[in-house]
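Visitor: Here is how the chains run, residue by residue.
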Amino acid sequence: MAKSKNTHQRSLWDAQITQRALVDSLRKLSPWNMMKNPVMFVVEIGSVITSLLLVRDFRFHGVASRFDLQITLWLWFTVLFANFAEAMAEGRGKAQADALRRAKSETMANRLNEKGVIVQLPSSKLRSGDIVIVSAGEMIPGDGEIIDGVASVDESAITGESAPVIRESGGDRSAVTGGTRVLSDQIKIRITSNPGETFIDKMIALVEGAERQKTPNEIALNILLAGLTIIFLLAVVTLQPIAIYSHSPQTVFVLVSLLVCLIPTTIGGLLSAIGIAGMDRLVQHNVLAMSGRAVEAAGDVNTLLLDKTGTITFGNRQATEFLAAPGVSKDQLADAAQLSSLADETPEGRSIVVLAKETYGLRGRDLATMHAEFVPFSATTRMSGINVDGRTIRKGAAESIAAYLQASGGILADEVRADVEGIARSGGTPLVVAENNRALGVIHLKDIVKGGMRERFAQLRAMGIRTIMITGDNPLTAAAIAREAGVDDFLAEAKPKDKMDLIRREQAEGKLVAMTGDGTNDAPALAQADVGVAMNTGTQAAKEAGNMVDLDSNPTKLIEIVEIGKQLLMTRGALTTFSIANDVAKYFAIIPAMFAATFPVLAALNIMHLRTPQSAILSAVIFNALIIVALIPLALRGVKYRPMNAEVLLRNNLLLYGLGGIVLPFLGIKLIDMAITAMHLI
Amino acid sequence: MTENGWFQIALFFLLIVLIARPLGIYMADVFERRKTFLDPLLAPIERLLYRLTGVEADKEMRWTEYGIAMLLFSLVSMLVLYLIERVQTWLPWNPQHWPNVPAVLALNTAASFTANTNWQSYVPETTMSYLTQMAGLAYHNFTSAAVGMALAIAMVRGISRREQNTLGNFWVDATRAILWVLLPISIVFALALVSQGVVQNLRPYDTARLLESQKVVTQDSAGRSVTQTVATQTIAQGPVASQEAIKMLGTNGGGFFNTNSAHPFENPTPFSNLLEMLAIFAIAAGLTVTMGHMTHSPRHGWAVFAAMGILFFAGVTTAYWAEARGNPLMHGVAQQTSATQAGGNMEGKEVRFGIANSALFATVTTDASCGAVNGMHDSFTPLGGMVPMVNIMLGEIIFGGVGAGLYGMLIFVILSVFIAGLMVGRTPEYLGKKIEAYDVKMAMLYVLVFPLLILGFTAVTVLLPHLGLSSLANAGPHGLSEVLYAFTSAAGNNGSAFAGLNANTNYYNLTLAIVMLCGRFLMIVPMLAVAGNLARKKIAPASAGTFPVTTPLFTILLTGVIVIVGALTFFPALTLGPILEHLLMYAGKTF
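Protein sequences appear in the order of chains A and B. This note's numbering applies: residue 32 is where the first sequence begins, and numbers increase by one. This note's numbering applies: residue 244 is where the second sequence begins, and numbers increase by one.
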């Protein structure tokens, strides 16, 4: 699978983004912002409380303990690090948005008013329904649909693809995007979006995270984290009375430290960064999701509907073989076939010429010098061909040729018929070539499955995703290609309604369905599917119906979209597990330290042999803060994902993030304890 | 620890494994209203009951209706028990002429038995008449157990049903639980207990002449020492066997006598002891199989069973090890196992049960929310005594109370699936159902109530010298354990007591009553909400990409989540209680 051409890769710690993120992380300290994240809000409140206590100590005692001061500082760092993670993710998005914004520079539009007179006005004043004229060299002022004309358009501003694309009125190639440039010709466009709602606007809002809505799974996870926070708040608040009963009351600094270490700050601090980064990854693959919900749904997909043509196979059939009739040499057949196809500009026709040249050494001939008469394909004869030098060559489907031969008293030989059936059975398309009332043989046209598809589908199967190939072919042909490509199922002779019914049927079984589409007749199915990826080359209707748009218009990208969705969910799960598992070590650091003064026997629980109670507590707090920074790259990049079945995936991740999450902090806290003891910070 | 001890523990668990499957499948038949071998006998009774009470057996209930029916039923039952206690002296079957039960104690007891807790602030044989025991307490032993089973079945239906709004009919589920499961087994079990020597009569108490009269020194109200000579002993009687059976089977645990299953009339022989322990686990173990069958995933049922089994063995191993090790401060006392000596810490244990069966019983009774005891948990070593406490703190889900254990465990299953399920790269799914914000919210509410009750009330109580601390028999960490255990036991609806705490005061009777009722009903509401919400969902078919809930990996994950969530919540309190006491004991200090 080819990587999309324009992945906006940039290094993780881009200096400009990092600088801006540092400033933003301070700005984000505002309580109104923090309240959106219950876990980190609790940390901020804790930091405020300890800060106030520090101030009080200075005022009334003239001095505050170094321990209290350091604890307070590190509590603030914990909040800042979490803000920094979010700011980094947003910054990466913003960088992308800035690039887009340049494309959005104000342009003048030639609006056609009611009287048919061209009036110039700024593009930002255009409303949906306005009609504008755009000529070569001009920027298209807004999203719209071509209602007249054809033009080549440079869409590199949004797709990164430098080759121009053809846009024309009517059909499935009529949509244009604001900010792209017309390179040739003149088109008349009906604007379809209001200012601020254009595609580029949406894209900018999306990558900046400005309009980021929490996704369903993120909301659920937030509830879990808030619940855990309340439980730990309860455990810490009730600990003080119990400590008083045990004659060893604790300072607020220590209690806040314990609380902050226990509540899931790691995942709480990185959660929104993970979400933003997930969207960002999608944009890097040149896919725009209209909502985070769609990205999550992509991870959940059970069934992929893939169009055969263009997705599983190359868009067109290719000649692979010539089967000569009895008494006809292969060279003769190849020669006739090539002649008949010289003027045939269809991909099939070209492939016949190429096959004849490559296999039989027949060079292409120049039609103009041959005084040949080309007979184009017509719906009535259902054949095409050539009349040259007294030779009448025709090629077409077996039935058409049979009828053509019969009319002039010939018949189609049984051997030829057998070849025709053989090819049809194998999923190919037979074309019979006839010359002067005699069938010369059959050309085997075949759908060519793209390389690597079989492996791709095997991976999907391992992930538990079923692939269904959609094709207009007859069931026989469809079955053969399905077998060759390795898809799980196929829908043959598919009409738009069949596709819709299939989606509904799958959904009724509780499955989530993903599909791609570009035509207007795909729109209902795109809307019905849980993940509907519209091709950017498609119609406006298709783009509006789907919940994602692929700027590269590469239908195979659906598979990558699924992987990005899964990676997003896995990253959340991994860090949640890690965060909770971390608490075990923190307890062993803090609890014995809290009560060691009153009950020296509790040193038995100090299994890390941390130097002093104060260094133990401080080490845990420092670890808790630093781990957020350490995990920012993971949050932004996402955990590694290789397609495999859920059981193996779960086992690997549980070992890494669950068991690792238990063990790692023991080492980390011990190391920090050694470091701060060596530095005499305590 | 002895081979014989381990053998008995292993034998016990093997028998549970053998009982679970047939009983579980039978219960699935009962609750799905399929044919069973008892139908010819019971179906007419069932129909008659519905006709008399006007229950429409085929009417399905939404979760809210189901919950309201359950709450109303429990409330009325609780009031009836309260009334019986308050007027028992004027009612028949009161040969000892016990007076009416004081109001606050009666309330505590009514709450306790309604909540399937059977915490007893009173001494039964000097407080309750036979009628109160039979018609008041034993009635609740049946109904509170049936309510638990009905709720568990409702939860299972929530998981297994597809796009439906209802969870079944509460009245039908509870009725069938009693008629088809609790009553028949109790009858057979009671007879078996009688064969072992458990008494069953309505006679006044016996008086026996002591072979050797005893001098007892007491203090009178003025504080002077008074020496009395005691030559006779009162031997309490009663309809014990019938009540003992359902006390165990319904994981109620409220003893007919004060010393509960340590009393020779309640639990006379090692064999009756084995039967009683089997009865405690039987239904809860069977329900995991029922769940597997009703959700069409028997292996999932066994995976849950296995998680319970692992936690059970962890508990019993610790308790047995701690008790068999004995007390390091008892110098010069033989604590080695020998032909004449059970070995280990025998304080508060019955010689006919010994260390292994006492440790096993303590584990079983606290794993399940039974609360019957055959030895005094207060007299266990600090770590041995911590096992029952931790068992309850984990949420009474290691088999747990009948029904309550399963639905509590299923809430943990949902949380485990949610936490770790994301790691397979899908929105977490449990048996094909997506776990979404509403489910997580309700599950977290369920999980939150429990520590709130335990830690909240413990914290308040240890700050109250007169109301709270004056009831303590011990100081220091052991005193803390006593308070902690009381509220843990009440919140977990266990009902066993860390003796040493005088709970028969207005403060404890009221607070514990609140905790018991909240620990039961406040947790049931969010649980039913989850069930109702799950029932409405679609079921996505399983594939290679779905989160596995039938494998050993799932069992390990579930066990891990339970232990970590429980440990993280209660570790600080436990540190200052039993753990500190243990460390101090080895440093030579006791309380």
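Worth flagging that the hints you see were computed from the coordinates, not collected in a lab. Some clues are possibly wrong.
As the list claims (entries may be wrong) - Just the calculated beta-carbon pair ranges, DEER-fashion: (1) Pro571/B - Val94/A: 58 to 68 Å; (2) Leu315/B - Val268/A: 46 to 56 Å; (3) Ile250/A - Pro571/B: 49 to 59 Å.
To be verified - Stretch by stretch, here's where chain B covers chain A in the computed footprint (C-beta under 8 Å, at least three residues): (4) 70-82; (5) 323-332; (6) 419-429; (7) 489-502.
For every residue, glycine included, the Cβ atom is placed at its ideal position computed from N, Cα and C.
Visitor: Out of the numbered hints, which ones does the structure contradict?
Guide: Of the numbered hints, 1, 2, 4, 6 do not hold.
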